[in-house]
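**Q** We have chain A; now place chain B onto it with these hints.
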Amino acid sequence: MKKPRTMKLSLPLEEYMNPGHLACQGCGATLAMRYVLKALGQKTVLCIPACCWSVIDGPFPYSCLDVPIFHCAFETAAASASGVKAGLEMVGDKETTVVAWAGDGGTFDIGLQALSGTAERNDNIIYVCYDNEAYMNTGIQRSSATPYGAWTTTTPVKHFKDQPKKDIISIMVAHRIPYIATASVAYPEDLYRKMKKAKEIKGTRFFHIFAPCPSGWKSRPEDTIKLARLAVQTCYFPLYEVEWGEKYTLNIKLKEKKPVVEYLRLQGRFSHLTEKEINLIQAEVDRKWERLLRLCGQAEERPAQQK
Amino acid sequence: MKKVIMGNHALSYGAMLSRVQVISAYPITPQTQVVELLSEMCASKVLDAQFIKVESEHSAMAALIGASLAGARTFTATSAQGLALMHELLHWASGARLPIVMGNINRAMAPGWSIWSDQNDSLSQRDTGWMQFYCANNQEVLDSVIQAYKLAERFFIPAMIILDAFSLSHTYEVVDIPDQALVDAYLPPFKPAFRLTPDEPHAFGGLTSPDHYFELRYKLQKAMEKVPEAVEETGREYEKLFGRYLGAVEAHCLDDAEIILVTSGTAGSTARVAVDQLREKGLAVGNLRIRLFRPFPFDLVRRLLGRAKKVAVVDRNISYGHHGIFYQEIKSALYGFSSIPIFGFIAGLGGRDITPETFAEIIDYTLNHDVPEAEIVWIGVKK
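If you read the protein sequences in the order shown, they are chains A and B. FYI, our numbering numbers position 161 of the first sequence as 161, with every residue one higher than the one before it. FYI, our numbering numbers position 246 of the second sequence as 1246, with every residue one higher than the one before it.
Hints are computed from structural coordinates only; laboratory data are not their basis. Ideal Cβ positions, reconstructed from N, Cα and C, are used throughout, including at glycine. Some clues are possibly wrong.
[Said to hold, decoys possible] Only part of the chain B face toward chain A is listed, based on derived beta-carbon distances under 8 Å:
| id | residue |
| --- | --- |
| 1 | His-1058 |
| 2 | Gly-1071 |
| 3 | Ala-1084 |
| 4 | Leu-1085 |
| 5 | His-1087 |
| 6 | Glu-1088 |
| 7 | Leu-1089 |
| 8 | Gly-1095 |
| 9 | Met-1224 |
[Stated by the list, open to error] Heads up, simulated DSS-like pairs for lysine-lysine below, C-alpha to C-alpha not over 30 Å straight-line:
| id | chain 1 | residue 1 | chain 2 | residue 2 |
| --- | --- | --- | --- | --- |
| 10 | B | Lys-1053 | A | Lys-247 |
| 11 | A | Lys-166 | A | Lys-253 |
| 12 | A | Lys-94 | B | Lys-1281 |
| 13 | A | Lys-158 | A | Lys-276 |
| 14 | B | Lys-1191 | A | Lys-43 |
| 15 | A | Lys-158 | A | Lys-38 |
| 16 | B | Lys-1219 | B | Lys-1281 |
| 17 | A | Lys-196 | A | Lys-288 |
| 18 | B | Lys-1053 | A | Lys-43 |
| 19 | A | Lys-276 | A | Lys-197 |
| 20 | A | Lys-94 | B | Lys-1045 |
| 21 | A | Lys-258 | A | Lys-158 |
| 22 | A | Lys-94 | B | Lys-1053 |
| 23 | A | Lys-202 | B | Lys-1045 |
| 24 | B | Lys-1053 | A | Lys-199 |
| 25 | B | Lys-1053 | A | Lys-196 |
| 26 | A | Lys-166 | B | Lys-1053 |
| 27 | A | Lys-218 | A | Lys-258 |
| 28 | A | Lys-94 | A | Lys-218 |
| 29 | B | Lys-1281 | A | Lys-202 |
| 30 | A | Lys-2 | A | Lys-38 |
| 31 | A | Lys-202 | B | Lys-1191 |
| 32 | A | Lys-197 | B | Lys-1053 |
| 33 | A | Lys-255 | A | Lys-165 |
| 34 | B | Lys-1191 | A | Lys-199 |
[Said to hold, decoys possible] Simulated DEER-style distance windows between Cβ atoms:
| id | chain 1 | residue 1 | chain 2 | residue 2 | range |
| --- | --- | --- | --- | --- | --- |
| 35 | B | Glu-1036 | A | Gln-25 | 50 to 60 Å |
| 36 | B | Val-1371 | A | Pro-59 | 32 to 42 Å |
| 37 | A | Glu-95 | B | Glu-1225 | 33 to 43 Å |
| 38 | B | Tyr-1320 | A | Lys-197 | 48 to 58 Å |
So that you can see chain A by itself, here it is in the shape it has in the complex (with noise of 0.2 Å):
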């Protein structure tokens, strides 16, 4: 008889996350947070402000994580990580990993403030903010992570937003952290291989992991991963690292860059978007992708200058 083949692995068994979460069907915060404690494992307490994961978890006296939670306000996700931080260890835990666990709005916008105080500080907690790229967890209003031509129900079709998502990369870049991540739900092992790296690093480390929404990008449930997927090999949404603001790697190098309208045409959020629109767009995407390159081409010449 043929010797039977066992399967192979490329994430670990064990999970944190329970079935019963209260997540929209296709939810890819919710992937987010499952590949993460994957990585991080039981030794580990989140700070969740105001965003759809303090739904997601479940109402008191319930919870879907077999980790501790510590719902905070809105604005207070990396504050209050610094100090659940601080507490543990004047209580003797300094094993804990502490994860501040946020929205794009709880980041890019009303937490902006508090994440510069900790990164500046270089406090020892790993930052995760899952982009969705709007409030979602409100009813779809527009923030300053939502990208260029987007509806929202704050920016109406005939008024869609027309200001670029905010640069949050460039800006934790600019604190010179140890450890910064861009991840996506499509790719859970290069997720799950930076999340275990940053977690053997101190100081802050702060992770921008992209996060689709079909409620809020009137996109199919069972399209979340393929949109993932796509606005990476689309360049929207490239996977990198950059360790202390200067050493840029690239994390998932493309053999064809697919162009962005075959991302875009899959969301009714951006179904009013004219041939003209989707060009502007596609323009914006080469030019990041380029300076990333060259940002990434950098490093690479870096050390042999310095001998």
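**A** Then chain B, alone, in the frame of chain A:
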């Protein structure tokens, strides 16, 4: 050990002796010396604490909420605009039942910019679920910090220790700094039954339906109601060890007083001097200084004011469109218990001096009127 220290440093020593573990603060005049001395204490390891030097008062309180939830004893200090910026998180701290202790230096709210004393900053936080102690001297400031932890950690209610800008914060007085061993005997380490730890994972503060929220607030109020009696209890326990008693109120010459002043903060100690001067002139006056403002010591106030013929409440604050806030509170406490006339005076806003003469004027007005002529009797307004 007796030392000549400023009111702000009395807060720092109080925190040090209470062995606080996490401090988080942002500088604001006239609070800065509190955190400067604490920074020195942390740096020189006199105090084994982490000091998180945050970028705002909002983050200061947010960080303490996190640290307290993790099981650490926490301290901060602020004033005026800083306290107002914290407002959201003051509700959070009490709603989460975290025994955080904070010093607040009473400073008038801008605009125009003022760094001088009045009580509108702390009284604007009246309904946030914090205990509030108004202090009259530096010894009381230090003792109140230690006692506040005792009470806060017993009832799981945060506490605010309040002192006047400059007339206390920057005024040097002789203060007895107690032995650490004695303080340790009075105040054991903070060991909450529930805390944020992976060893026992709980979700704190999640979405709470109408089925549960109401009872959580009911429990906070029920705990608050036990505090006034406990203040007397812990005060007596403190007296046994340290030889000084502090209760919810300080009564001065009340036994035979026909007119009783109701005061708070440093105005309360000035009032005591004024009462002594007026007594020399043969006037039967007394002073009731309110130390514990939240929760309000109803029983004591009713018992002590009930024998007077008139009550004159002096407010260094105002609820615009209503009255001075202590005046409201005293009327509310006496309603249905006493029908004596209660006069409401407002004086000293924005740090204008309150002197023994101010009280002489207030007593003079009260003596010469059966009832107040106006909702508010203003003292010292330039017209």
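**Q** Each hint should be assessed against the structure and marked as holding or not.
**A** Hint check:
1. Given the 8 Å rule on beta carbons, the hint for His-1058 of chain B holds: about 7 Å separates it from the nearest Cβ of chain A.
2. With a cut of 8 Å, the hint placing Gly-1071 of chain B at the interface with chain A holds, because the nearest CB-to-CB distance is about 4 Å.
3. Hint on Ala-1084 of chain B is violated. Least Cβ distance to chain A is approximately 15 Å, over the 8 Å limit.
4. This hint is violated: Leu-1085 of chain B has a C-beta 11 Å from the nearest C-beta of chain A, more than the 8 Å allowed.
5. Of the supplied interface hints, the one on His-1087 of chain B is violated, with its beta-carbon coming no nearer than about 11 Å to a beta-carbon of chain A, more than 8 Å.
6. Annotation: Glu-1088 of chain B was flagged as interfacial toward chain A, and the flag holds, the nearest CB pair being 6 Å apart, inside 8 Å.
7. Below 8 Å, beta-carbon pairs count as interface contacts, and Leu-1089 of chain B has one with chain A at about 6 Å; its hint therefore holds.
8. Interface hint at Gly-1095 of chain B: violated, since its Cβ lies 11 Å from the closest Cβ of chain A, which is beyond the 8 Å cut-off.
9. Taken as an interface hint, Met-1224 of chain B does not check out: its beta carbon lies about 22 Å from the nearest beta carbon of chain A, beyond 8 Å.
10. Proposed proximity of Lys-1053 of chain B and Lys-247 of chain A is supported: the alpha carbons are some 28 Å apart, at most 30 Å.
11. With a CA separation close to 24 Å, the supplied pair Lys-166 of chain A and Lys-253 of chain A stays within the 30 Å bound.
12. At roughly 66 Å between alpha-carbon atoms, Lys-94 of chain A and Lys-1281 of chain B are farther apart than 30 Å, so this suggested pair is violated.
13. In summary, the hint linking Lys-158 of chain A to Lys-276 of chain A is supported, as the alpha carbons are separated by about 16 Å, within the 30 Å threshold.
14. With a C-alpha separation of about 21 Å, the suggested pair Lys-1191 of chain B and Lys-43 of chain A falls inside the 30 Å cut-off, and the hint holds.
15. Of the pairs offered as hints, the one joining Lys-158 of chain A and Lys-38 of chain A is violated, with about 43 Å between alpha carbons and a cut-off of 30 Å exceeded.
16. The straight-line distance between the Cα atoms of Lys-1219 of chain B and Lys-1281 of chain B is roughly 50 Å, outside the 30 Å bound, and the hint therefore fails.
17. Taken as a hint, the Lys-196 of chain A and Lys-288 of chain A pair is honoured in the structure, with Cα atoms around 28 Å apart against an allowance of 30 Å.
18. Note on Lys-1053 of chain B and Lys-43 of chain A: the hinted pairing holds, with a Cα-Cα distance of about 26 Å set against a maximum of 30 Å.
19. The suggested pairing of Lys-276 of chain A with Lys-197 of chain A is violated, with an alpha-carbon distance near 42 Å, which exceeds 30 Å.
20. For the proposed pair Lys-94 of chain A and Lys-1045 of chain B, the alpha carbon gap of about 19 Å is at most 30 Å, so the pair holds.
21. The hinted pair formed by Lys-258 of chain A and Lys-158 of chain A meets the criterion: a straight-line CA distance of about 28 Å does not exceed 30 Å.
22. Straight-line distance between C-alpha atoms of Lys-94 of chain A and Lys-1053 of chain B comes to about 20 Å, which keeps the hinted pair within the 30 Å bound.
23. Taking the CA atoms of Lys-202 of chain A and Lys-1045 of chain B, the gap is about 23 Å. The hint holds against a cut of 30 Å.
24. As the CA atoms of Lys-1053 of chain B and Lys-199 of chain A are separated by approximately 24 Å, the hinted pair is consistent with the 30 Å bound.
25. Our distance criterion of 30 Å between C-alpha atoms is met by Lys-1053 of chain B and Lys-196 of chain A, whose separation comes to about 29 Å.
26. Between Lys-166 of chain A and Lys-1053 of chain B the CA atoms are separated by roughly 27 Å; this keeps the pair inside 30 Å, and the hint holds.
27. Restraint check: the Cα-Cα separation between Lys-218 of chain A and Lys-258 of chain A comes to about 22 Å, which is no more than 30 Å; the hinted pair holds.
28. With a CA separation close to 44 Å, the supplied pair Lys-94 of chain A and Lys-218 of chain A exceeds the 30 Å bound.
29. Proposed proximity of Lys-1281 of chain B and Lys-202 of chain A is contradicted: the alpha carbons are some 71 Å apart, above 30 Å.
30. Distance check on the hinted pair: Lys-2 of chain A and Lys-38 of chain A sit about 33 Å apart at the alpha-carbon level, beyond 30 Å; violated.
31. In summary, the hint linking Lys-202 of chain A to Lys-1191 of chain B is supported, as the alpha carbons are separated by about 28 Å, within the 30 Å threshold.
32. With a CA separation close to 28 Å, the supplied pair Lys-197 of chain A and Lys-1053 of chain B stays within the 30 Å bound.
33. Only pairs whose Cα atoms come within 30 Å are accepted, and Lys-255 of chain A paired with Lys-165 of chain A is accepted, the gap being roughly 26 Å.
34. Using a Cα cut-off of 30 Å, the hinted pair Lys-1191 of chain B and Lys-199 of chain A holds, with the two alpha carbons roughly 29 Å apart.
35. The given range of 50 to 60 Å is respected by Glu-1036 of chain B and Gln-25 of chain A, whose C-beta atoms sit roughly 55 Å from each other.
36. For the pair Val-1371 of chain B and Pro-59 of chain A, the supplied restraint of 32 to 42 Å is violated, since their beta-carbon distance comes to about 54 Å.
37. A beta carbon spacing of about 41 Å between Glu-95 of chain A and Glu-1225 of chain B agrees with the range 33 to 43 Å that was offered as a hint.
38. Hint check: Tyr-1320 of chain B to Lys-197 of chain A, Cβ distance near 56 Å, so the stated range 48 to 58 Å holds.
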